[in-house]
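In the numbering used here, each residue's number is its place in the sequence shown (first place is 1) plus 59.
One thing to keep in mind: the hints can contain errors.
To be verified - Straight-line alpha carbon distances no greater than 30 Å define the calculated DSS-like cross-link-like pairs of lysine-lysine that follow:
1. 92 to 106
2. 106 to 124
3. 92 to 124
Treat the hints as calculated values from the structure; they're not laboratory data.
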Amino acid sequence: MHGTDIAKNSYLPVISAQIQCINELASDSRQEKLSLLSRENHYCIAKAAPEIAANDDSMVLFQGKGRACHLFLNGYMASFLTTQG
60 MHGTDIAKNS YLPVISAQIQ CINELASDSR QEKLSLLSRE NHYCIAKAAP EIAANDDSMV
120 LFQGKGRACH LFLNGYMASF LTTQG
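When you get a sec, could you build the whole thing from the sequences and use the hints?
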């Protein structure tokens with residue numbers, strides 16, 4: 060595994076957990092779910108099932124390295140939670 064692969068993959072559990080949490084919080088109010096796609100050099104966060112998003116780039120909300128995806132999800136979750144009250 061190359062250094063960039065290790066750095067990219069170290070965020071995978073965090074990003075996956077964030078997406079699962081967001082999907083659970085949104086399950087009552089939103090039909091769409093977030094999914095994570097791992098591409099060669101980056102991750103994509105999509106607003107569709109992985110099998111749909113893999114073939115349709117219009118479903119991608121964000122793409123970037125592990126830390127950038129983690130920060131995007133922090134903001135996504137914060138904006139979602141502030142609009143729920």
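Hints and how they fare:
no. : hint       : verdict
1   : 92 to 106  : holds (6 Å)
2   : 106 to 124 : holds (18 Å)
3   : 92 to 124  : holds (21 Å)
In summary, the structure agrees with every hint in the numbered list given earlier.
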